[in-house]
Amino acid sequence: MTTAEHPIVSLHDANIYVKKNLILTGVNLQVSKNEFVYLIGKTGSGKSSLLRVLFGDIKLNQGDGNVAGYNLVKLRQRDIPFLRRKLGIVFQDFQLLSDRTAKDNLLFVLKATGWHDKNKIDDRINEVLQKVGLSTKGFKLPHELSGGEQQRLAIARALLNEPELILADEPSGNLDPETSNEIMNLFFELSKTRCSVIMATHNYSLIERFPARIIRLETGKVIEN
Amino acid sequence: MSDDNKLARKALRSSYISTVISISLVLFLIGSLGVLLLNAKYLSDYIKENVVLTILLKQDAAEQDIQNLKSQLEGNAYVSSVNYITREQAAEDLQKDLGEDFTNFLGFNPLLPVLEVKLKPEYAEENNLNQLKETVQQKGIVKESYFQESLLNAINKNIRNISLIILGFSLVLFFIAGALINNTIRLSLYAKRLLIKSMKLVGATRNFIRKPFILQGVLQGLYGAIIANLLLVATFYYAKTQIPEIIAFENPMNLGIVMAIVVFLGIFISGMSTYFAVNKYLRQRTEDIF
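Residue numbers (the working numbering), protein chains in the order written: chain L, 1 to 225; chain P, 1 to 290.
Calculated from the structure, these hints are not laboratory results.
Pairwise CB distance ranges (calculated):
id	chain 1	residue 1	chain 2	residue 2	range
1	P	Arg285	L	Pro211	32 to 38 Å
2	P	Arg285	L	Arg216	24 to 30 Å
3	L	Lys59	P	Lys280	16 to 22 Å
4	P	Tyr46	L	His116	57 to 63 Å
5	P	Asn279	L	Gly26	32 to 38 Å
6	L	Gly133	P	Ile17	35 to 41 Å
7	L	Pro211	P	Leu187	48 to 54 Å
8	L	Gly220	P	Arg285	18 to 24 Å
9	P	Arg283	L	Ser98	18 to 24 Å
10	L	Asn15	P	Phe174	48 to 54 Å
11	P	Arg283	L	Asn15	22 to 28 Å
12	P	Leu167	L	Asn15	56 to 62 Å
13	P	Arg283	L	Asn225	35 to 41 Å
14	L	Lys19	P	Tyr237	58 to 64 Å
Note that this is a predicted model, so its numbers are computed, not measured.
Ideal Cβ positions, reconstructed from N, Cα and C, are used throughout, including at glycine.
Chain L with its partners taken away, still in its complex shape (with noise of 0.2 Å):
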């Protein structure tokens, strides 16, 4: 479905409401596959909500808009999920779960995409854990961890199904930055092999360290740089 030629992100002419409010208009945005974008802008400038429109948390009423193959103007309830799936999201508040274990959030995660065989779960489990650094931390509870470490599981979470998408809202805001770095340095190596990756941030160092495209939100619009 997404070769080469098709960019896994397309949006035409949307126009982006957060209830009856107007956040964005005119929004225009490809993202080819293998590439990574930054999206920066001031506080309330629409980052989230662009994030979300993606993510299908948000409905896209006015425009066209094209992501990893399912078509968000027509877009149903019962589609989200496998939309979803496709997508790995790395979320401002993490939304983890609070009721259960680092692990048993990874679990929740593989048993509600459809994975049945314990010890691919248990294997996959251990190398997301592993790529963020939290392999002897999966018996503690969300509360129980860092904000560090809790971005890192939500991160780990992002990467468990493999997705054709990650979409990270701040994913290095609370890390310090040598794990920052490895987190980066993750990223940009998952662009390169099989995933593109859409990052919004406010940390401009990091964007001087990692450079990439960036598009700015500024007064209600998307601007390449």
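With the hints as your guide, set chain P onto chain L.
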């Protein structure tokens, strides 16, 4: 940290337990009323079944005619049983009561043969009895027939009133129970609305999210019903030891039926409430949660 952990788990468990207890108390009320209702019905049936139309037959009535009348009565749709007491048997019974053979010093048996007719409880009404009485009295072999009219009227009137009141009360209580259990479950799920939202965001289908919640709701209903039934049995066992005449006619089947209904209601109300409450949060958009 492990203390924190324990606290969090404890809080979770205590909210679960208090939900189960709320459910069980409401179910206990419903169950008690159910037992009362069934007992009232059983009591009234018992009394009605024992209203007897006594038919005194003529002394010289032929055995064949008596048997004919008996089987004719037994064929009547209203009649539950006909008891034929011959003159000899009546004399024997009386002898036993008196402790003396009175036929000896009288020189003959003055007693009349009797048919005792009992009606099915649902037909034990004055009109039916009167109708039967009239038909019977036209027979040549019948000397006289009678039943206790005033007793029957009093029973029928009072039982009907009491049953209606209890039934109305049960209906009201049923709705109150539904509303209370529904509220309890919605509150306990309100605490989980963010969890449900997070589950949606990571690509779980509605069914997948709903299943464990509904299982938990059904279990809560089941546990609540079990506790309610234990309370019910304990209460009525105690009541029986204290005031045996109240449940003197109690049939163990009745309690069984009520207990089964309590279990069904517990699971049904709790399961449905959970289903609707989870659906509410599944449908809710992110902006509306807060």
